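Visitor: Now for the letters of each chain:
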Amino acid sequence: MTIDTVKTQVTTDSQEPSPGAMMRKRIFTHWGFMIGAFVLIAIFLMALLAPYISPGDPFDQVLSRKLIPPIWSDSAKATWEHPLGTDHLGRDYMTRLFYGARISLLIGFGAMLISGVIGTTLGVLAGYYGGRVDMVVNFIITTRLSMPVVLVALAVVSIVGSSLTVVIWVLGLLIWDRFAVVMRSATQQVRALDFVTSAQALGCSTPRILLTEVMPNITNHLIVIATLEMAHAILLEAALSFLGLGVQPPEPSWGLMISEAKGMIFFDPWLITIPGLALFALVLSINLLGDGIRDVTAPENRN
Amino acid sequence: MSDVVLEARDVTRTFMISGGFMKPKRPLHAVNGIDLRIRQGEVLALVGESGCGKTTLAKMLLGLLPPTSGSLQLDGKPIETMDRLRVAQTVQPIFQDPYSSLNPRKSIGSIITLPLKVQGDKDPGTWRKRADEIMELVGLPRRVYNNYPSQLSGGQRQRVAIARALINRPRIVICDEPTSALDVSVQSQILNLLQDLREELGLTYLVISHNLAVVEHMATRVAVMYLGRIVEEEDAGTLFDTPKHPYSKALLESVLTPDPSLGVPDTHLGAAYPNPLDMPSGCRFHPRCIKAMPHCSTTAPRKIPFGDGHVECHLYDENEGKGKLAS
Amino acid sequence: MPENSHSKRVLEVKRLNVEIPVPTGLLRPVQDVSLHVDRGETLCVVGESGCGKSLTSLAIMDLLPTKAKRACDEMRLSGDTVFDIGERAMSDIRGDRMSMIFQEPMTSLNPAYTIGNQLVEALQRHRNVSKAQARDRAIYLLEKVGITAAASRLGQYPHQLSGGLRQRVMIAMALMCGPDLIIADEPTTALDVTIQAQILHLLSDLQREFQMGMILITHDLGVVARIADRVAVMYAGQVVETGTAEQIFNAPQHPYTRGLLDCIPIPGKTKRGARLGAIPGIVPSLVGHMSGCHFASRCPQAHEGCETGDIELLPTAQPGHVCRCLLTQTPGTPVHETEGAAS
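Chains as they are written, first to last, in this note's numbering: chain A, 11 to 313; chain B, 39 to 365; chain C, 4 to 346.
Please keep in mind that the hints were generated in silico from the structure rather than gathered at the bench. Here the structure is a predicted model, which means the values were calculated and not measured. Watch out, some of these pointers could steer you wrong.
Straight-line distance between alpha carbons at most 30 Å, and here's what the computed DSS-like set of lysine-lysine pairs gives [what the hints assert, rightly or not]: (1) A:K35 x B:K167; (2) C:K70 x B:K329; (3) C:K274 x A:K35; (4) A:K87 x A:K272; (5) B:K287 x C:K134; (6) C:K147 x C:K134; (7) B:K115 x B:K160; (8) C:K147 x A:K35; (9) B:K287 x C:K72.
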């Protein structure tokens, strides 16, 4: 470096690029984030465009064409008409897979949204106010943690009856605990910082402080938990559907597809492998994205 | 004497500290019966070691923490009954650590104009102009308006914090260790700036610090705090020339002036800073005091007026009642 | 002369450099630093944050972060080379022949063990002594550092002690093996003023009594003036001036040292409320190679010659006083060749 560049560095006080620019740079160099985002976007597009890109109708049963294997099998029955074959009722498997992505994403997103609102509200209030509020919230969290999620969900669904809406609400109301725990401790840390005291001294109202001073500094934690809980909800839905208490047939849920195929695992293994792999890819991509967001937004926490 | 703008009358703040599982909570008297008057235009320094209650007192004076007992008055009116925005217009804080006092997710511009927004300033069109004015006043280049705190140096961040505190032109500024997190060369710039701003804007300062060199440089009056009490309060000149309380003396002896011909001072203070949960009986300072007398451990000293100030120490008991004669 | 001076020389470091790869290039936080400490001598390394003073001490202890690389011409502890001798040999020396005291006593003591355990362990790791002997030494040293009822303190955990007491325990631990050299990195910064004076008092007493060499790293010029025999002022990775405390404080040569001394209010000297001196500008980035004087961009006396070439530490008119500035240099050879010019 010559003396000229030294001089310019001395005169420009902002040697560092803006936080936004630095984050963009970190995003594009983080392979986990990029892979996760790519797969998730692909699945999302698959779900969104299902009516246009599907080869058939998810509910059309053609019993004469049942159990056609996917095209990569050696069987003579394999045909490009059904690239992923058909199930035991002769429904096009690829179509059902595409429509199934809709249900998985809908449930994951819906349950995450409900649990996120509940958990964040409780956690932020407990962390900010402390004292009695904190005690009450802690009690609610402990109560919630003492309930086994799958058993409670099974019980509720078997009493109320099963539908997509019921599953979303039951899961949403059951998995907010991690949001509450993490948001509580994140808020406690931020609340102790001087800029919050300064906002109080400026006469800011409490909602304003929570929204403009506290929330922006805990959103990175929030996003990470949100991705984890979304994956969690998707897996729980699959489990419920597998047990026959989630989404009801003939809806094409991935969990239900696995459940319907379990009798044929030895003779037609693709029936269980394909939705299983799809579920695996979805959950993995969400988790990769979550880890990526954590690394990208809080570089000081790495290493 | 000029008018009192901010006053604490027999203020106490007690925190309940949990004693552990299934144990009763114990009271921690962070501030214990303090009287303090800040007069228009003066620089009152509050001096003491960590844990003596300085910061709790500052929070109460800002109206952020209600006292357990006693009253705090701003311009003669109790702070608790006043509108938060009114208090905020008159009293503003500057904090020690410029790294935690600025929200990292906000631009400098929105940090500096936040006070205008909060006060519901009628004229958003003038915000940018007012921000430019205050930034020039505190010595910040205009181009940092759209930057973020992470892009500024420690000294610049502290200037941003000062700009935010002053944009609504408060009359009283409470500076909590305003320079102790800064480098020496930056510290002097901030001290100069605070002095200039005081003259230019007619500000009243309450400076909280443990750095006595800084205090001696800035303060017109000094209050020495020990374990929740003000043990001595004097004019800065008097206190630095003839400290009365043994604790004030020890504090002054501990100041390390950069003079290589002097060695490390021996303060003769007991090492153990008492546990504030388990306050010593009588005079709180007696376990560390070299001049402790037998009755110091049993009877708490009373406030003895001295000239313009007062001291709380049994050494000066004979002066009690003589009032302003002694000094 | 070298033979003679080595007998009392505890530490000799010549031309130490530290480099850390960062996304924007190669950061060089320590450049060409030469230091030496004699038996019974206190060297204060003073400078502002980011000047490289802490990394210098970590480089001497071989405790740098893994990414950092160090290089030097010579590094000797009481005559034995301690540079690149391998991690095992180094960890035998660390805590034995040289030990370190850190700023934050709470984080440098292990909260899960009693202080007795930690003190005994510090000795037994390096010496083949019985537990009882180690315990006796621990009690002896705790009493030395001014802790009353030392025997009963051995069973306490760090969180049961106040900050000042913890720092005393840290000092006792550093002394367990009777080191030749103690490096104290901001040992009193986290403490209150009255406790700070006590700890400094203790350090200088112990150092005199045990005739150790001590490097004290601090940003506080008051501490430096009171405790140092010799002072090294660092700026932007380099030592800019070295001399006795009297030379540095009474007749500073480097413009940076003079600027620093103007910045602090001195009770009794500075007029109350008067304007303090200031050093305008900011510290240059230490990424990449920089030619010329590092202080040139902020120096009121800088001229064109200051911005080119490497400026060496050269002796001034005073014996033992060296300065990295073109203004103060009398023609002569660089310090590194004139052995002991700064002693």
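Visitor: The structure should be examined with respect to each hint, and the outcome stated for every one.
Guide: Okay, the hints, checked on the actual structure:
no. : hint            : in the structure
1   : A:K35 x B:K167  : violated, 34 Å
2   : C:K70 x B:K329  : violated, 55 Å
3   : C:K274 x A:K35  : violated, 51 Å
4   : A:K87 x A:K272  : holds, 22 Å
5   : B:K287 x C:K134 : violated, 44 Å
6   : C:K147 x C:K134 : holds, 20 Å
7   : B:K115 x B:K160 : holds, 27 Å
8   : C:K147 x A:K35  : violated, 55 Å
9   : B:K287 x C:K72  : violated, 48 Å
Consistency with the previously given hints fails for numbers 1, 2, 3, 5, 8, 9, ordered from lowest to highest.
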